[in-house]
Amino acid sequence: DIQMTQSPSSLSASVGDRVTITCRASQGISNSLAWYQQKPGKAPKLLLYAASRLESGVPSRFSGSGSGTDYTLTISSLQPEDFATYYCQQYYSTRFTFGPGTKVDIK
Amino acid sequence: EVQLVESGGGLVQPGGSLRLSCAASGFTFSSYWMSWVRQAPGKGLEWVANIKQDGSEKYYVDSVKGRFTISRDNAKNSLYLQMNSLRAEDTAVYYCARAYYDILTGYYIDYWGQGTLVTVSS
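Residue numbers (our numbering), protein chains in the order written: chain A, 714 to 820; chain B, 134 to 255.
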């Protein structure tokens with residue numbers, strides 16, 4: 714199975730900060746990567762797919778990049794509603810795998 | 134509006150069985166791969182199983198192979214997860230999810246239900 718890692722596991726940031734989260738796959742996944750946001754007690758919400766394509770309705774402050782095994786989620790200017798846990802997920806294999814998550818909390 | 138509504142969760146003893154259901158609406162259910170994803174209390178997301186549109190292909194995470202069975206009834210717009218030989222480590226919120234097809238990169242999860250809690254304990 715393809716293993717996914719994320720860094721950092723948590724971070725503290727302030728409103729307006731630029732935040733970057735990194736995701737690494739154990740093998741190349743050809744941009745078959747999605748990013749999700751999850752708030753406590755809620756289902757995950759899709760933010761980006763195909764590594765860099767923004768899901769409809771998601772604010773443009775969210776962006777994604779990367780290729781091969783290494784991918785990045787960037788929030789250009791952190792807003793109060795962005796404090797949450799973020800997960801990457803590969804769908805290159807039909808046996809999906811998620812990263813362990815990155816918790817973004819208030820500094 | 135896409136809706137996925139899970140049911141069937143609850144408290145079950147170790148070694149017991151449970152069947153989860155997911156009622157889908159707002160889209161053509163038979164056109165989509167579907168998935169189950171779980172989340173243990175305070176933990177991250179874990180993919181459990183996928184099923185193809187016609188049910189001809191199924192995939193499972195190793196930890197549930199031989200114990201869980203994913204199935205679907207396209208006439209009833211419903212997805213199921215039969216869980217047997219349950220263990221304490223299966224305790225989690227189980228989410229039903231739809232997988233959307235991107236022509237360049239494949240199937241990714243775009244919609245999630247609200248989840249149903251399964252607790253395995255004596």
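Just so you know, these hints were derived from the structure itself, not from any lab. Worth double-checking, as some hints may not be accurate.
Stated by the list, open to error - With a straight-line Cα cutoff of 30 Å, these simulated BS3-like cross-link-like pairs (lysine-lysine) come out:
hint: 1; chain 1: A; residue 1: K752; chain 2: A; residue 2: K816
hint: 2; chain 1: A; residue 1: K758; chain 2: B; residue 2: K209
hint: 3; chain 1: B; residue 1: K209; chain 2: A; residue 2: K816
Source: prediction; values computed, not measured.
Results of checking the hints against the structure:
The suggested pairing of A/K752 with A/K816 holds, with an alpha-carbon distance near 10 Å, which does not exceed 30 Å. Taking the CA atoms of A/K758 and B/K209, the gap is near 26 Å; set against the 30 Å cutoff, the hint holds. About 38 Å separates the Cα atoms of B/K209 and A/K816, which puts this hinted pair outside 30 Å; it is violated.
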